[in-house]
Amino acid sequence: MSTKKSVKKATKKPVKKAVKRPVKKTVRKTAAAPAPKRAAAKSVPVASNAEFMAHAYAMEAEAAERYAEFADSMEVHNNLEVAELFRKLARIEQIHADQILDQMGWKHSPLSSVNVRWEGMEGPETADPTELHYLMQPYHALQIALLNEKRARDFFANLAKVTKDPGVRKGALEMEEDEAEHVRLIEEWLKRTPKPDANWHADQDPPVLSD
Amino acid sequence: MSSPAAAAPITAQAFKSDYKPIWCPGCGDYSVLSSFTKAFAKLQLLPQDVAVVSGIGCSSRIPAYTTCYGFHGVHGRSLAAAAGLKLARPDLTVVVASGDGDGYSIGGNHFLHACRRNVDLTYVVMDNHVYGMTKGQPSPTTEPDWDSKLSPGGTGLRTFNPLVIALAAGANFVARAFAGDPNGTADLIAEAISTPGFSFVEILSPCITFRPEQREWKQMVRPAAVTYTNDAARAARRIMTDDGMNIGVLYKGERKPYQPPIGKGKKNPSDLETEFAL
Chain G
9 MSTKKSVKKA
19 TKKPVKKAVK
29 RPVKKTVRKT
39 AAAPAPKRAA
49 AKSVPVASNA
59 EFMAHAYAME
69 AEAAERYAEF
79 ADSMEVHNNL
89 EVAELFRKLA
99 RIEQIHADQI
109 LDQMGWKHSP
119 LSSVNVRWEG
129 MEGPETADPT
139 ELHYLMQPYH
149 ALQIALLNEK
159 RARDFFANLA
169 KVTKDPGVRK
179 GALEMEEDEA
189 EHVRLIEEWL
199 KRTPKPDANW
209 HADQDPPVLS
219 D
Chain U
427 MSSPAAAAPI
437 TAQAFKSDYK
447 PIWCPGCGDY
457 SVLSSFTKAF
467 AKLQLLPQDV
477 AVVSGIGCSS
487 RIPAYTTCYG
497 FHGVHGRSLA
507 AAAGLKLARP
517 DLTVVVASGD
527 GDGYSIGGNH
537 FLHACRRNVD
547 LTYVVMDNHV
557 YGMTKGQPSP
567 TTEPDWDSKL
577 SPGGTGLRTF
587 NPLVIALAAG
597 ANFVARAFAG
607 DPNGTADLIA
617 EAISTPGFSF
627 VEILSPCITF
637 RPEQREWKQM
647 VRPAAVTYTN
657 DAARAARRIM
667 TDDGMNIGVL
677 YKGERKPYQP
687 PIGKGKKNPS
697 DLETEFAL
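Residue numbers (our numbering), protein chains in the order written: chain G, 9 to 219; chain U, 427 to 704.
Misleading hints may appear alongside valid ones.
As the list claims (entries may be wrong) - The calculated DSS-like cross-link candidates involving lysine-lysine, where the alpha carbons are at most 27 Å apart (straight line), are: (1) G:Lys199 x G:Lys172; (2) G:Lys96 x G:Lys203; (3) U:Lys575 x U:Lys446; (4) U:Lys446 x G:Lys96; (5) G:Lys115 x G:Lys203; (6) U:Lys678 x U:Lys693; (7) G:Lys96 x G:Lys199; (8) G:Lys96 x U:Lys442; (9) U:Lys442 x G:Lys115.
Hints were generated in silico from the structure; no laboratory data involved.
Isolated chain G, as found in the complex (with noise of 0.2 Å):
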């Protein structure tokens, strides 16, 4: 592959447009468990836009990754409701990395996410799972996405200002671009969703009760 095939290629239109977020239509609301700061993580050093590629595809695969774990866990506490929402995020942060496999004409990323080192200790886009609680609700799961787009964007706004490689700062620009919008459009949903209310997490029978 050429460097200027990959340039006009991971320069084209946002990689992530296509996809629009799923509307959930039950929603309810929390801030009972706010999702945490985490402290947006650095750009890494990416030298081509194969590179930015690369660990774009990685970032959004290890989102991924971490939902349908999220979901798992949910599903097994009989959390079904959230469990759905999570596998909902799950498939959208897949589409969004088989999308860019697809622009760059790879059958599979040239680096192997077992490979992919971040600044901070996990990818920018996945999702901190001491956050969950298995009688969490939907807002509170809306707000684990939100805090993650925020801190996408943040990443390819901050890459984009390091970056000496035009064609990476453009990639970079459109990515954050894709991300802000998601931001916007997770913020909506969660305008519609109800906030739990201050009891949600209380249980007759809670497990942590050792007597």
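Guided by the hints, dock chain U onto chain G, whose structure is given.
Frame of chain G, contents of chain U only:
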């Protein structure tokens, strides 16, 4: 980067079974499972060439969640089963999964002698400083002042220091990892597997059900400031003076693994019968 036209590599997904893990939401063990599969993929192993052996406890559920050979054994005895397996089948990569209760209390003596024997195993202990599966009793690594319904005022007991014990007993590779860093943890597990002899990886894996304060670990861990040493005494001094939050390889030795020759002296069943004849 490798060429995109190259054959598809084995991915971490190939090591995940269809069983959905049964752990509390937010448990660090989910990430450790992910690190296991990523480490195997990184080394381009095949599921049929890997055996995951465990004892009892939350962490010991891991074998069922992989597509590798698995053995979910007896409480504290995972290392004994794993050592037997590795000595009989040295061609297999044998990884042992345990927790701080299973590994340091019930299986404490096996831990010492596994280090001493230096069989080519990788021992991964998911340490959350509590017995989670049985509802929150203090474990050997629980802080002496941890106050709970089951240990009012704390146990007052000194904590077990598994890394120093491993060094003193002869482990050939010692590392500490953090579950919230799955890619870094995968690297450490892969390095442990690649290092001959008994490799010990302690993973700080939060139990947010019984130890919710362990959510803070992600703000506390840091890469070890200095590179690993091959001097066990120096490594022990470093570990004894750190705060338990330094992650990375801490010691790498050069001891030759214990592996008796295969086949030599093998007896058929009738020969064995004669040995027991009265």
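Verification of the hints:
no.: 1; hint: G:Lys199 x G:Lys172; result: violated, 39 Å
no.: 2; hint: G:Lys96 x G:Lys203; result: holds, 20 Å
no.: 3; hint: U:Lys575 x U:Lys446; result: violated, 31 Å
no.: 4; hint: U:Lys446 x G:Lys96; result: holds, 17 Å
no.: 5; hint: G:Lys115 x G:Lys203; result: violated, 42 Å
no.: 6; hint: U:Lys678 x U:Lys693; result: violated, 37 Å
no.: 7; hint: G:Lys96 x G:Lys199; result: holds, 18 Å
no.: 8; hint: G:Lys96 x U:Lys442; result: holds, 20 Å
no.: 9; hint: U:Lys442 x G:Lys115; result: holds, 21 Å
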